[in-house]
Amino acid sequence: MVNVVPYPEARPFWEGVAQGELRLQRCQDCGRAVFYPRALCPYCHGDRLGWFVASGSGTVYSYTTVHRGFGEFAGQAPYSLAVIDLDEGPRMLSRIVGDVTVSIDARVQVEIARFGDHNSMALPYFRVLRA
Amino acid sequence: MSTSRRAAIVGVAESDTGATPHLSVMSQQAKAAKAALDEAGLRMSDVDALLTAGSWAWGPSVSLAEYLGIRPDYLDSTNIGGSSFEAHVGHAAAAIEAGLIDVALITYGSTQRSDPFNNGLVEAADVMSRQFEEPYGVPLPIAAYALAANRYFHQYGVTSAQMAEVAVSARQWAGLNPNAYNREPITVDDVLASPMICEPLRKLDCCLVTDGGGAVVIAAEDRWTDVATHPITVLGHGEAITHSSIANMPDFTVTGAAQSGPKAMMMAGVQHADFDVVEVYDSFTITVLLTLESLGFCKPGEAGDFVARGRIAPGGEFPLNTNGGGLSYTHPGMYGIFLLIEATRQLRHDFADPLRQVAGAELALVHGTGGMLSSASTVILGRS
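Residue numbers (the working numbering), protein chains in the order written: chain E, 1 to 131; chain V, 1001 to 1384.
Just so you know, not all the hints are guaranteed correct.
Stated by the list, open to error - If you only want the chain V side, here are some residues facing chain E, beta carbon under 10 Å, derived: (1) Y1074; (2) L1075; (3) E1133; (4) A1143; (5) A1149; (6) H1154; (7) V1158; (8) A1161; (9) A1193; (10) M1196; (11) E1199; (12) P1200; (13) F1252; (14) V1254; (15) D1274; (16) F1275.
Hints are computed from structural coordinates only; laboratory data are not their basis.
Glycine included, C-beta positions come from ideal geometry on N, C-alpha and C.
Using the sequences provided together with the hints, build the complete structure.
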């Protein structure tokens, strides 16, 4: 069962996920969007970071299809993981839901869902947008 | 490097590797340390610096000093992954140059094959990985290297068959090493027919899972006349970190070797064409391709061609990973110390077999990669 205990500066992110939103931070000094949640901007090292709701759209930078899962994920293979360049700038790793077929440069959209065990917490997954 | 007070590797040894249910993480390191010191003609009481890495203790160098019955006054438990031991060489050489120490002992041990629950490897992911990787079922480290490989293939059109040459050549070198875990020859087709684990990485693209330990003894030049071996001089070193988790790697096709390599080569005052033998961390076949490019031995996207036609195999023009590497010799979780041991032996001309020994080897480059292509550490070693 997937369960995440948010670290303090990540609580707004996980509260957003629980409400169906993908929230990112934005540096009030340099204006760049930041993920994962931090206390300092990793670009300009300013300490004024605010939150906003991201579009949830992105482009696949790379992916892998897992054929040998482990632990609680063993029965779920094959499944695809992707590193996604969010339209707002930051890159995040997630899992592709629906059809596992994915390619680099594919457009994807966030889909906040529970996967597997009904006790699992909601996570931001991504679905490939097919033309 | 300044010529004020040089450092050299004066002793190297492995403990038993492969499957070693008769050894612990500590006894592996103790046995390797004793053998390396014996080879150099030094005693445990000569050691004034102890450097080791692992997560079998909160302070590995502290625990090991007690186990060995020594009280060194320079301790380093720096753990940056499999490249830690190349970093330790740099740290020891700098301390020798500064006049802080005379004799440094670097060790590693792991029982990950025989005792997976007490194996000396990193057990707990960091807090970011637990929040943003683990919930998705990311098998690490292989998924990280697979993500890099797919991006690399996409950008440059390199293929799995080209990448497989790395595993085929490693196995040929292992055939010449009686201590190698897997020695039977394999073909590109064998690699491509092995089970897919994480696309595009198949089983034979992956390093071994073995036990093993090793030790490297470094001495200041004042002590070289005391030692029984040919000292192998540390000519340059460099370290770099580009990211921790794979999603934060700036460019999946360029590793920190692009920083640590030039830094080490500039310190040593050497060029790419000067190297007789090269030992680079081969956690996966993709690691070797990316490392060769990032070090500058070939241009981006050209590593597939660079390793083709037996070029890195025994008898080839670019002897690489001459003990069989982590792919075929041994890989006890962190492999970096074995790169140093092999390079030292090549530069000492230890091997009688003319295929196993790189003829007249004078200069070696050793490069460790740690974590999820996260950390890089380069060491340049010379015979004279």
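Worksheet item: Should the hint that A1161 of chain V touches chain E count as held when the rule is a Cβ pair under 10 Å?
Response: Cβ of A1161 of chain V sits 18 Å from chain E, so the hint is violated.
Item to complete: Under 10 Å, Cβ to Cβ, is where E1199 of chain V needs to be relative to chain E, so tell me if that hint holds or is violated.
Response: holds, 4 Å
Practice prompt. Tell me if P1200 of chain V is really an interface residue toward chain E, meaning its C-beta lies closer than 10 Å to one of theirs.
Written response: holds, 8 Å
Worksheet entry | Hint check: 10 Å Cβ-Cβ cutoff, E1133 of chain V to chain E | Holds - the Cβ of E1133 of chain V comes within 10 Å of chain E, reaching about 6 Å at its closest.
Practice prompt. Using Cβ atoms only, decide whether V1158 of chain V comes closer than 10 Å to chain E, and label the hint accordingly.
Written response: violated, 14 Å
Worksheet item: Was the hint right that L1075 of chain V lines chain E, CB cutoff 10 Å?
Response: Because about 30 Å separates L1075 of chain V from the closest Cβ in chain E, which is outside the 10 Å limit, the hint is violated.
Practice prompt. Return the status of the interface hint for Y1074 of chain V: holds when the least beta-carbon distance to chain E is below 10 Å, violated otherwise.
Written response: With a closest approach of 33 Å, the Y1074 of chain V hint is violated.
Discussion item. Interface hint check: V1254 of chain V, Cβ to nearest Cβ on chain E, cutoff 10 Å. Holds or violated?
Written reply: violated, 14 Å
Worksheet item: Does the CB of D1274 of chain V sit less than 10 Å away from some CB of chain E?
Response: violated, 35 Å
Fill in: Agreement of hint M1196 of chain V with chain E interface, Cβ distance less than 10 Å
With a closest approach of 5 Å, the M1196 of chain V hint holds.
Worksheet item: Is the interface hint for H1154 of chain V satisfied, with its Cβ closer than 10 Å to some Cβ of chain E?
Response: For H1154 of chain V, the interface hint holds, since the closest Cβ of chain E sits about 5 Å away, which is under 10 Å.
Worksheet item: Measuring from the C-beta of A1149 of chain V to each C-beta in chain E, is the shortest one below 10 Å?
Response: At 8 Å from the nearest chain E Cβ, A1149 of chain V passes the 10 Å test, so the hint holds.
Taken one by one, the earlier hints fail for this structure at numbers 1, 2, 7, 8, 9, 14, 15 and 16, listed in ascending order.
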